[in-house]
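Asks: Protein chains in written order, with this note's numbering: chain W, 5 to 120; chain H, 257 to 539.
Hints were generated in silico from the structure; no laboratory data involved. Values in this document were obtained by computation on a predicted structure and should not be read as measured data. Check before you lean on any hint, since a few could be wrong.
To be verified - Label-pair restraints from in silico Cβ distances: (1) 38(W) to 485(H): 51 to 59 Å; (2) 394(H) to 54(W): 52 to 60 Å; (3) 476(H) to 95(W): 37 to 45 Å; (4) 89(W) to 471(H): 37 to 45 Å.
Cβ atoms here follow ideal geometry from the backbone N, Cα and C, with glycine treated the same way.
Take a look at the letters that make up each chain.
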Amino acid sequence: MTSVKDPVPNKPPVWKISAWRSMYPGMWSWVLQRLSALALIVLFPIHVMNPYIDSVRITMLLLVVWHSMHGIKVILTDFGFPDRHQRKLLWVLSAVGVAAFFWLAFMHKEYWRFMS
Amino acid sequence: MNEDAQLSEGTQEKPAQEEPAPEKEAQSQEAPKPPSVRVRIRRGGAAGDPDEHFDEFQVETGPRMTVLDALVAVQSAQEPTLSFRYSCRVGMCGTCALKVNGRPAWACRTRLEGLGDEITLEPLANFPVLSDLAVDMSPFFEKMKRARGWLEPTSLAEKAPALIAPNSRERKRIEPHIECITCGICYASCSIVGHDSDYLGPAALNRAYTLVNDSRDALGLERLLEVCTEDGAWRCHSQYNCTESCPKGISPTGAIKGLKRRAVAGGVKRFAASIFRGRAPGA
Ligand code: SF4
Ligand code: FES
Chain W
5 MTSVKDPVPN KPPVWKISAW RSMYPGMWSW VLQRLSALAL IVLFPIHVMN
55 PYIDSVRITM LLLVVWHSMH GIKVILTDFG FPDRHQRKLL WVLSAVGVAA
105 FFWLAFMHKE YWRFMS
Chain H
257 MNEDAQLSEG TQEKPAQEEP APEKEAQSQE APKPPSVRVR IRRGGAAGDP
307 DEHFDEFQVE TGPRMTVLDA LVAVQSAQEP TLSFRYSCRV GMCGTCALKV
357 NGRPAWACRT RLEGLGDEIT LEPLANFPVL SDLAVDMSPF FEKMKRARGW
407 LEPTSLAEKA PALIAPNSRE RKRIEPHIEC ITCGICYASC SIVGHDSDYL
457 GPAALNRAYT LVNDSRDALG LERLLEVCTE DGAWRCHSQY NCTESCPKGI
507 SPTGAIKGLK RRAVAGGVKR FAASIFRGRA PGA
């Protein structure tokens, strides 16, 4: 580090596209999992105070399913799931998550009242 | 490069001038222009330099030409002050890494084909920039040192050549991780390095993993404890940017997960042993 006058690491600011271009699916999976966690922190108290807001319920269902699918990915890879297949694992789990969401949502059709 | 120069200056043009045959002239008019790409290169000193800008160069391309060939062509024919770094030209030394169209890659092994008509070249992220495309690698190698990326031989290994059979579990575990040529691409693509400049980074942890698994190494647990810290393996968030971008096909994420597993297994064992002995864990 001593060899440079100004050792500021070269980091593109987050609002520049180039900061995001080198991101791969695993990174987006992580970003979305974080965002879903933040959204759940906001929605959960609302849900506890008033459990029957259908739009909140369905959004929470989506977020919980999404969050858990990507949590499962991390757990599996932590316990030795081969890394060369991590992308495939990501797509498979995302598909399972979407399917689980629709299945659960149609099991509880009353959630959809807010749509009508 | 040389071939290009010969083609354009020597062999092709002269005969066309000497022979005034109308047919030939017509042919040369019809002949398509040699293919070329526009190369946008980031210029300027350290990051945040007020003079930072992009220069554009038109470079004639040939078959199998690489980004490095284009840079050499620009430097020798158009802009002699352009700074960039390379050495082996064949993907062995790891000095030529830079960002090609936003993604880190080796200049010498990235073909121009398929990159489009306009190519943007920038220095690697997460490193201090020296000039133009050349970055200072010292933070990267400092961290290799911090992770003690060298073998500390056991007394046995010092005396006799070690026997690690190619088919042994040990060898198979280490095998995929020893090919690192310290190019810094994983380090540049890691968002955690960007966020926490003290984080050891994928390459240093990958190196530590090979040594932790090496029976010739004497540091063992000490080494494991040194790299499994807040700024070490536990900082990794399993985003796989390093694994996706490593040109050698190494998975530093896998190595980091291996370190974490070892640390947890060791901790659980010690916990169980202390309970067994009737002592408080850690006492
Ligand atoms: S792990 Fe791969 S990307 Fe990282 S320094 Fe080594 S060769 Fe380069
Ligand atoms: S010049 Fe050696 S790896 Fe590219």
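Asks: I'd like to know which numbered hints this structure contradicts. Please list them from smallest to largest.
Replies: 1, 4
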